[in-house]
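2 protein chains.
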Amino acid sequence: MTATNENMPLGVFDSGVGGLTVVRALRKLLPDESIVYLGDTARIPYGSKSPDTIRQFAMEDTQFLLTKGVKAVVVACNTATAHALPLLQETFRVPIIGVLEPGVEAVLKGKNCCRVGIIGTEGTIRSHAYQHMLAMRRPDIRTHAVATPLLVPFVEAGWLNHASLRLALEEYLKPLIKMEIDTLVLGCTHYPLLLPILRKLLGKSVRLVDSATTCASHVGAMLREHGLVSTRRGNASVEIYLTDVSERAEELTKRFLGVETGKILPARVG
Amino acid sequence: MTATNENMPLGVFDSGVGGLTVVRALRKLLPDESIVYLGDTARIPYGSKSPDTIRQFAMEDTQFLLTKGVKAVVVACNTATAHALPLLQETFRVPIIGVLEPGVEAVLKGKNCCRVGIIGTEGTIRSHAYQHMLAMRRPDIRTHAVATPLLVPFVEAGWLNHASLRLALEEYLKPLIKMEIDTLVLGCTHYPLLLPILRKLLGKSVRLVDSATTCASHVGAMLREHGLVSTRRGNASVEIYLTDVSERAEELTKRFLGVETGKILPARVG
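Sequence lines, in order, name chains A and B.
Residues 479 to 748 in my numbering are what the first sequence lists, from first letter to last.
Residues 479 to 748 in my numbering are what the second sequence lists, from first letter to last.
Chain A on its own, in the form it takes in the complex (with noise of 0.2 Å):
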């Protein structure tokens, strides 16, 4: 393999097509950067998986897109990101960067903020990364983390404004509109297609920070930190490997990168 140099492409990786939603603002952010996307539609969902396998698959994505050339690795899965980014920096030696730490960020940035409502999977939940990393910048915030493992079924299922999902939604949010929260982080890829819905229920009073934009221009800064920055113009391009090609994953994928995609390629991972 040659050495690492600033016109190979980024990769980055999910456990499905929610972290398309960072390729996409990647693409706005960062035009001239091509991209390796992975998502491993074949054993998605981790979110509800215990933290060991979460971990193996992660070092298996990181892997594949280590072999397709990339400079750098984005991981745009919280619960990856939650479980596996301390052991895939301390693996690997390409500079990679996780999706809770833009997050994070971006909460802190908001001016009334002290009690945080954070949503996500039970294993971005269970792992206490969002509520370690804020107490540890801001011992006085409150927080409150709800896993709320049904949102990422009805987003694939597309029901976006079913009374279904609201009845669901308000039955999670309970607890944190109890504690009047200010600010609620939408800890998984998936969650910035249930925006209109959740700034409905939770009215204009309440910052919803969703970590994909965040995300892109931490990797920017990232890039230039390490000399990564591609010198070409134009032609930048994006493959979308998945483990699992179906008519839905397409569909998908459409939806999450919110153009029509180029080739969808197969992938055999781990």
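In short, the hints are calculated from the structure, not lab data.
Watch out, some of these pointers could steer you wrong.
Given that identical chains are not distinguished, each listed pair holds provided it fits within a single copy or across any two copies.
To be verified - The calculated SDA-like cross-link candidates involving lysine to any residue, where the alpha carbons are at most 25 Å apart (straight line), are: (1) 741 with 604; (2) 678 with 641; (3) 652 with 639; (4) 741 with 530; (5) 546 with 673; (6) 656 with 635; (7) 656 with 505; (8) 732 with 658; (9) 741 with 702; (10) 589 with 534.
Dock chain B against the given chain A, drawing on the hints supplied.
What follows is chain B alone, placed relative to chain A:
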């Protein structure tokens, strides 16, 4: 490996722990049969994945059970049965039985059975396996199948009587109620836990067919046919292997098996 004999255990696999509803029925009907169960909890769900991936997983699961020395294999997963049963039966020499045919038998035993609704995962419904098998046996029956991808997440979340589930079910059942079904096939081993709420929503006039019980009696007949009925009395064991062992999986195992379980063992498959 030694030749197959009647005192070897039965192998049962599912994408997760839903198939334990079949194990529960087997324990009741065939208490002298030892069972080795494999739940592929690391890659659950199968229902939303593509036929090729489902077939690959089913092959790997069966191979795992064969290394444990089973005399026959029960595919306790509707999705895997729908897509992979013929392939498994062609590939392996031990008898292999699925959950679909017993389900279809149970439907046809009903006195009044003209309009049959089927609910299941996207994979099961898309396979048209139930629709096809019913049409072959009774061309006069009208069937209507609905993919119900949110039901497994609801069952796994333990929200078995939540208003949000009720609304989702009302949405899914609407076309079936409209066509005045007399029978509903619960085409997924997770769904027996929804029997109480389905009974409430559909009333007494609709017969609910759950394949777990009929599957167990088919397994009994298969063992007799192949001279594989256990000659031992008492001390039959249940070994449960999971590809992802977590607290959550252990909780679900208890819920589905309906008793305190013995040791849960980790397995590596694929």
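Now the hints, each set against the structure:
no.: 1; hint: 741 with 604; result: between (36 Å within a copy, 24 Å between copies)
no.: 2; hint: 678 with 641; result: both (13 Å within a copy, 20 Å between copies)
no.: 3; hint: 652 with 639; result: both (18 Å within a copy, 18 Å between copies)
no.: 4; hint: 741 with 530; result: between (32 Å within a copy, 19 Å between copies)
no.: 5; hint: 546 with 673; result: neither (34 Å within a copy, 49 Å between copies)
no.: 6; hint: 656 with 635; result: between (29 Å within a copy, 23 Å between copies)
no.: 7; hint: 656 with 505; result: neither (38 Å within a copy, 47 Å between copies)
no.: 8; hint: 732 with 658; result: neither (36 Å within a copy, 37 Å between copies)
no.: 9; hint: 741 with 702; result: neither (29 Å within a copy, 52 Å between copies)
no.: 10; hint: 589 with 534; result: neither (39 Å within a copy, 52 Å between copies)
Hint compliance for this structure: hints 5, 7, 8, 9 and 10 are broken, all remaining hints hold.
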